[in-house]
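Undergrad: Each chain, letter by letter, is given below.
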Amino acid sequence: MQKIVVLDYGMGNLHSVASALKKVAPTDEVVLATTPEEAHGADRLIVPGVGAIRDCMEGFIRPGFVPLLNQCIEAGLPILGICVGMQIMMKRSEENNGVDCLGLFPQPVKFFGTDLQENGQRLKVPHMGWNQVQQKIDHPLWRDIENGSRFYFVHSYYVPAENNNAVAGETDYGVKFAAAVTRNNIFATQFHPEKSADAGMQLLKNFVGWNGAA
Amino acid sequence: MGLAKRIIPCLDVDAGRVVKGVNFVDIRDAGDPVEIARRYNEAGADEITFLDITATHEGRDTTLHTVEKMASQVFIPLTVGGGVREIQDIRNLLNAGADKTAINSAAVHNPDFVREAAERFGSQCIVVAIDAKQVGNDKEPKWEIFTHGGRKPTGIDAVEWAKKMDSYGAGEILLTSMDRDGTKNGFDLALTRAISDAVSVPVIASGGVGNLQHLADGVLKGGADAVLAASIFHFGEYTVGEAKAFMQQAGIEMRI
Chain A
13 MQKIVVLDYG MGNLHSVASA LKKVAPTDEV VLATTPEEAH GADRLIVPGV GAIRDCMEGF
73 IRPGFVPLLN QCIEAGLPIL GICVGMQIMM KRSEENNGVD CLGLFPQPVK FFGTDLQENG
133 QRLKVPHMGW NQVQQKIDHP LWRDIENGSR FYFVHSYYVP AENNNAVAGE TDYGVKFAAA
193 VTRNNIFATQ FHPEKSADAG MQLLKNFVGW NGAA
Chain B
157 MGLAKRIIPC LDVDAGRVVK GVNFVDIRDA GDPVEIARRY NEAGADEITF LDITATHEGR
217 DTTLHTVEKM ASQVFIPLTV GGGVREIQDI RNLLNAGADK TAINSAAVHN PDFVREAAER
277 FGSQCIVVAI DAKQVGNDKE PKWEIFTHGG RKPTGIDAVE WAKKMDSYGA GEILLTSMDR
337 DGTKNGFDLA LTRAISDAVS VPVIASGGVG NLQHLADGVL KGGADAVLAA SIFHFGEYTV
397 GEAKAFMQQA GIEMRI
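In order, the protein sequences belong to chains A and B.
Those letters in the first sequence? Residues 13 to 226, per our numbering, in order.
Those letters in the second sequence? Residues 157 to 412, per our numbering, in order.
Incorrect hints may appear among the rest.
Keeping only pairs whose Cα atoms sit at most 16 Å apart, straight-line, the calculated EDC-like set for lysine to aspartate or glutamate is [what the hints assert, rightly or not]: (1) Lys136(A) x Asp353(B); (2) Lys34(A) x Glu224(B); (3) Lys188(A) x Glu174(A); (4) Lys289(B) x Glu316(B); (5) Lys225(B) x Glu191(B); (6) Lys35(A) x Glu224(B).
In short, the hints are calculated from the structure, not lab data.
Model, not experiment: these values are computed from the prediction.
Sequences and hints are given; from them, build the entire structure.
TA: This is how it looks when you write it as structure tokens:
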């Protein structure tokens, strides 16, 4: 039995992440940790996040999750970021008039804008719903997931795919953006695997069995 | 290739039971919303909307418990609406496992509630539900907002209202035509188009679906980003899969 820790820093609904994990890993221990102490002994870590980036960053820093995350990265623990949990790993976000983030990846987080278009058609923002993800690399977390599968997204800010060597999956919505990024033992998705039906459950299952090596 | 349009079955729930009834073949309990939501999840629905029509406090607690059970078994987005009046209502629903909450009458009474809710929880989980009725003639149609299940006129223009809710931080608009609801004559396409063109956020068309062409029209003619229906799916007239295949045939991007 392994201990899967979901960092609970007060941002949004973690119920669905936890229940999806219980579904794919029924014999493992799933812990929602509000302090680094509760995360002690983690075998793998999930950084979820819903809401605005400033509150997320503040909520993440306050309980001391930054040093915890850094320790886990160094120790080689498999780490999964989800949605804003991926965005806080970037260098800086345009949201809330600009917020410095954790800088684990050098990329920025940008706004889709109010005049996003594709083939002359205006695109709605937030980007909400099921979009296709093109797998850009071979990765254990893509195992048994067909290339081009649809995942559920809901976000107004994105990480550009251009000049981004961390991209593991790419999606097109007026611009090409990073649907997933990876570096060593970190894998992070802009979409919500816990809300993405079969494809999402497979990704979580892959994460639960991943040893953290690419 | 791109973002798929969504099909959203809607459950009307009173004190933890689906009230309109659903007659899936071989379903164990046609009134159990958890079982029904699970069926729709398996059938390929893109989201589930759960409309709580419960009036009592005891019933509300039952509802939260139902949402909790549903969220532990359904791995697609879940929107819960009906009687959302306070920040605490939203918090309770999100904690129970809802992904989004729909605000209707409370937004009309106090528009700042939407702003406060969006700031607190993020726009992505704040759906503003609009019930509109046509006023004036068909040549220059206008629509007015009604509250309390369509009984109370407000004098507010629906298009202006939708724009305002967009600017207040609504992440999505759930648009119901009171004229069409329950008629099976199709969506009010002029209304859907007017609202969809006026706002920058996604619009869910609701009210009046009687066949699959109506669903396709909601997207193709109404400009909706998602289509919501209840009875055509509940009573087994069409499956979600048939609806998706039909819409894809009509040239609409779907998650198949």
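Undergrad: Can you list which hints this structure breaks, lowest number first?
TA: none
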